[in-house]
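Construct the entire structure; sequences and hints are all you get.
Residue numbers (our numbering), protein chains in the order written: chain A, 1 to 250; chain B, 251 to 739.
Treat the hints as calculated values from the structure; they're not laboratory data.
As the structure is a computational prediction, the values presented were derived from the model and not from experiment.
Check each hint, because a few of them may be wrong.
Unchecked claim - Okay, derived cross-link-like pairs now, SDA-like style, lysine to any residue, Cα gap no bigger than 20 angstroms in a straight line:
1) B:K559 x B:A346
2) A:K183 x B:Y662
3) A:K183 x A:Y10
4) B:K732 x A:R20
5) B:K295 x A:Y10
To be verified - Rough simulated footprint, nothing fancy, chain A against chain B, three-plus residues with beta-carbon under 8 angstroms:
6) 353 to 361
7) 640 to 647
8) 709 to 720
What the hints assert, rightly or not - Facing chain B, a subset of chain A residues (Cβ under 8 angstroms, in silico):
9) N11
10) R20
11) S37
12) R52
13) S57
14) K60
15) R64
16) G145
17) F176
18) G177
19) N184
20) G185
21) L192
22) G220
23) H223
By construction, the Cβ of each residue, glycine as well, lies at the ideal position given by its N, Cα and C atoms.
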Amino acid sequence: MRASLFITCYNDTLFPETGRAVVALLERLGVDLEFRSQQTCCGQMHANTGFRSEAFSQAKRFVRLYQDAEAVVVPSSSCVAMVREQYPGLFEELGNEALRREFAALLPRVYELSEFLIDRLGIEDVGAWFPHRVTYHASCHGLRGLHLGDRPLRLLRAVRGLELTPLPNLDRCCGFGGTFSVKNGDVSSAMLATKLEDVLGTQTEFCTALDNSCLMHMGGALHRRQAGIRTIHMAQILASTEASPAEIPA
Amino acid sequence: MSTSGYHPDLDPASAPPFPKAALPVLNNMQLRKNVAHAVDVIQAKRGRLVAEKTDWQQLRAAGAAIRDHALENLSFYLQQFEERCTAAGGVVHWAADAAEARRIILDLLRQEQADEVIKIKTMTSAEIQLNPYLESAGVKVFETDLAEIILQLGNDEPSHIVVPALHVNRGQVREIFARSMNRPDLSDDPQALTAAARSYLRQKFLTVPTAISGANFLIAETGGVAIVESEGNGRMCLTLPRALITVAGIEKVLPRFQDLEVMLQVLARSATGERMNPYTSLWTGVTPGDGPQRFHVVLLDNGRSSILKRETERQTLRCIRCAACMNSCPVYRQTGGHAYGSVYPGPIGAILTPQLTELHHAQSLPYASSLCGACYEVCPVKINIPEILIDLRAQVTDQERRQTRRWFDPMYLGMRVASFVFASAGRFHAAQRLGRIGMRLFTGKDGWIHSLPGMGAKWTQSRDLRGLPQQTFHEWWAARDKAAGKEAQ
Numbered sequence: 001m002r003a004s005l006f007i008t009c010y011n012d013t014l015f016p017e018t019g020r021a022v023v024a025l026l027e028r029l030g031v032d033l034e035f036r037s038q039q040t041c042c043g044q045m046h047a048n049t050g051f052r053s054e055a056f057s058q059a060k061r062f063v064r065l066y067q068d069a070e071a072v073v074v075p076s077s078s079c080v081a082m083v084r085e086q087y088p089g090l091f092e093e094l095g096n097e098a099l100r101r102e103f104a105a106l107l108p109r110v111y112e113l114s115e116f117l118i119d120r121l122g123i124e125d126v127g128a129w130f131p132h133r134v135t136y137h138a139s140c141h142g143l144r145g146l147h148l149g150d151r152p153l154r155l156l157r158a159v160r161g162l163e164l165t166p167l168p169n170l171d172r173c174c175g176f177g178g179t180f181s182v183k184n185g186d187v188s189s190a191m192l193a194t195k196l197e198d199v200l201g202t203q204t205e206f207c208t209a210l211d212n213s214c215l216m217h218m219g220g221a222l223h224r225r226q227a228g229i230r231t232i233h234m235a236q237i238l239a240s241t242e243a244s245p246a247e248i249p250a
Numbered sequence: 251m252s253t254s255g256y257h258p259d260l261d262p263a264s265a266p267p268f269p270k271a272a273l274p275v276l277n278n279m280q281l282r283k284n285v286a287h288a289v290d291v292i293q294a295k296r297g298r299l300v301a302e303k304t305d306w307q308q309l310r311a312a313g314a315a316i317r318d319h320a321l322e323n324l325s326f327y328l329q330q331f332e333e334r335c336t337a338a339g340g341v342v343h344w345a346a347d348a349a350e351a352r353r354i355i356l357d358l359l360r361q362e363q364a365d366e367v368i369k370i371k372t373m374t375s376a377e378i379q380l381n382p383y384l385e386s387a388g389v390k391v392f393e394t395d396l397a398e399i400i401l402q403l404g405n406d407e408p409s410h411i412v413v414p415a416l417h418v419n420r421g422q423v424r425e426i427f428a429r430s431m432n433r434p435d436l437s438d439d440p441q442a443l444t445a446a447a448r449s450y451l452r453q454k455f456l457t458v459p460t461a462i463s464g465a466n467f468l469i470a471e472t473g474g475v476a477i478v479e480s481e482g483n484g485r486m487c488l489t490l491p492r493a494l495i496t497v498a499g500i501e502k503v504l505p506r507f508q509d510l511e512v513m514l515q516v517l518a519r520s521a522t523g524e525r526m527n528p529y530t531s532l533w534t535g536v537t538p539g540d541g542p543q544r545f546h547v548v549l550l551d552n553g554r555s556s557i558l559k560r561e562t563e564r565q566t567l568r569c570i571r572c573a574a575c576m577n578s579c580p581v582y583r584q585t586g587g588h589a590y591g592s593v594y595p596g597p598i599g600a601i602l603t604p605q606l607t608e609l610h611h612a613q614s615l616p617y618a619s620s621l622c623g624a625c626y627e628v629c630p631v632k633i634n635i636p637e638i639l640i641d642l643r644a645q646v647t648d649q650e651r652r653q654t655r656r657w658f659d660p661m662y663l664g665m666r667v668a669s670f671v672f673a674s675a676g677r678f679h680a681a682q683r684l685g686r687i688g689m690r691l692f693t694g695k696d697g698w699i700h701s702l703p704g705m706g707a708k709w710t711q712s713r714d715l716r717g718l719p720q721q722t723f724h725e726w727w728a729a730r731d732k733a734a735g736k737e738a739q
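Laid out in structure tokens, this is it:
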């Protein structure tokens with residue numbers, strides 16, 4: 001099985017440990033990985049802020065870059081939601097027929113990480129070991145955009161040593177929303193404070209998710225408060241083994 | 251001073267932008283507590299009652315299809331409504347905008363020689379700012395919905411379209427009633443409060459011969475009007491007066507009487523978390539010797555036709571005003587309704603208000619959402635609110651693209667630069683290297699950024715940001731490839 005990694009712009013820049021964990025995890029499971037270094041961004045930030053033609057350029061880039069890939073694995077649920085929910089509209093409005101056909105052919109081969117593991121590889125127990133108390137945050141795009149359902153929980157339950165505590169109000173947004181977090185910084189901060197009450201209430205060591213954007217948001221506030229709970233992308237938990245435990249930055 | 255402790259401005263033409271309008275609410279812990287408690291209670295009730303309908307998704311699809319069919323054939327159904335309502339003894343008036351609707355209504359009141367009027371809760375009348383207009387023309391307006399009385403007596407504005415006084419708690423209601431009804435002994439027991447409202451209202455119902463209502467649905471097939479309510483005040487207003495004036499948006503029309511079967515099921519469950527609302531009033535024109543003997547319908551456009559023309563946005567007009575979107579919205583839960591600067595708050599307001607003003611006002615509203623999608627999930631007529639929010643944002647950007655001052659907007663500038671950077675991997679990697687150096691200035695000894703200037707300050711007001719790592723993923727991959735003796739791609 002060959003797969004191409006789309007690491008996404010902010011993971012590449014801010015959270016390289018997530019990409020490294022995806023590599024460790026998938027190679028351990030026997031996937032032959034490639035990384036196309038021409039990748040930049042899926043266009044989500046531009047599309048969601050109302051810069052449609054800019055988003056279109058990036059969407060076109062994405063489709064051209066991966067058109068011959070056997071599978072594209074993306075460790076970010078909101079970027080996959082961008083591809084699935086918004087690319088069709090962008091190509092409908094701005095694209096040409098050839099581009100639309102290329103996109104339609106590529107789309108079924110684009111996977112969010114948990115989808116790739118469960119739906120494509122058919123694996124729930126990835127052989128991970130992570131002896132910590134963990135709670136799971138279902139990012140809105142994973143929950144309502146990709147309908148990931150209990151896939152992430154099935155993966156986490158199979159991790160040895162991991163004690164999973166459910167997060168109350170799982171369907172409630174953490175308040176990130178991309179540029180929303182600065183355009184409406186005060187409202188976003190209020191939403192974040194509400195979310196953190198639930199996270200802190202779990203008394204776990206880690207809050208995990210399949211999207212570093214929510215984790216950056218919650219993790220930034222947890223760090224500000226010196227709250228003791230840390231955020232970690234699920235790829236790092238799934239990559240973690242006794243022989244090679246997760247790298248946890250300070 | 252109103253109950254809210256500040257003066258909400260619900261006129262999109264003058265209201266401050268959303269982030270600014272939200273501040274007084276964010277600083278009002280009592281109000282936020284009232285709002286969060288109220289929406290949590292309604293949400294939970296809705297959730298239970300939706301869960302018991304095994305065909306809920308089919309009902310939603312049917313609701314959307316009925317509304318779409320009506321909207322796609324709107325002029326046909328409106329004309330049919332006019333014909334059949336007129337045949338049944340009603341008089342139909344057409345108002346292109348708020349000013350025309352107000353004028354028509356005042357003229358009708360003058361014909362009735364009415365200097366007092368009783369009203370059922372109608373958001374459409376609030377949209378056209380009817381009450382202040384009538385008051386300034388010397389007509390005394392008496393709201394009869396309990397929540398509307400609380401707001402009217404408390405000099406406050408609605409913050410929700412189904413539960414307009416949702417932001418006010420019981421103790422505050424007691425204070426308003428005690429003061430304005432001169433009842434210092436009044437307790438905050440809900441029964442005592444509703445009894446006080448009842449005795450205040452009963453006299454108005456019996457003495458004021460003219461009423462104004464909105465409409466939940468207009469039925470083209472019969473020329474009839476439907477109103478659903480919980481308190482029975484509506485039933486009084488619709489039956490006791492001699493003259494009734496109904497003001498309704500043109501989108502409220504349903505093709506057939508039978509369509510109510512779907513709409514009433516989804517509306518009650520979505521709006522109040524009830525299987526059926528307590529009072530459903532249906533009337534058609536005038537019945538001699540029974541109920542109002544003069545009946546007028548004012549059909550209001552006020553920007554709706556312009557929404558119809560746009561394919562993506564047209565679904566906005568499917569809305570049946572259930573408010574499930576605001577009850578489920580994590581933004582509304584923090585800010586309540588007043589921050590939206592419109593009588594239509596929450597997610598539906600964020601898309602409806604800018605469109606009703608044809609984007610001349612309320613340009614901040616399409617951004618008043620984290621795009622979490624909770625609104626779309628609960629909408630009983632499947633309005634894809636996030637999709638429309640994004641589309642409206644694109645329209646706002648397109649407005650901005652035509653203005654020279656766009657280059658002074660840091661967000662605009664940032665987006666354009668980012669687009670240039672993302673267009674080439676070389677530029678992207680160079681920007682990463684530059685960022686890594688530049689951000690060192692702001693990175694503390696612990697490797698975290700605690701304070702940023704400019705737009706970044708909105709981030710660091712409540713969150714830290716981990717400093718940029720020394721090696722990006724693609725640098726790591728290239729190094730690994732090289733170490734493995736392979737040719738880097």
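Here is what the structure says about each hint:
no.	hint	in the structure
1	B:K559 x B:A346	holds (16 angstroms)
2	A:K183 x B:Y662	holds (12 angstroms)
3	A:K183 x A:Y10	holds (19 angstroms)
4	B:K732 x A:R20	holds (16 angstroms)
5	B:K295 x A:Y10	violated (40 angstroms)
6	353 to 361	violated (count 0)
7	640 to 647	holds (count 7)
8	709 to 720	holds (count 9)
9	N11	holds (7 angstroms)
10	R20	holds (6 angstroms)
11	S37	holds (5 angstroms)
12	R52	holds (4 angstroms)
13	S57	holds (6 angstroms)
14	K60	violated (10 angstroms)
15	R64	violated (12 angstroms)
16	G145	holds (7 angstroms)
17	F176	holds (6 angstroms)
18	G177	holds (3 angstroms)
19	N184	holds (5 angstroms)
20	G185	holds (3 angstroms)
21	L192	holds (6 angstroms)
22	G220	holds (3 angstroms)
23	H223	holds (4 angstroms)
When the structure is compared with the earlier hints, violations turn up for hints 5, 6, 14 and 15 and for no others.
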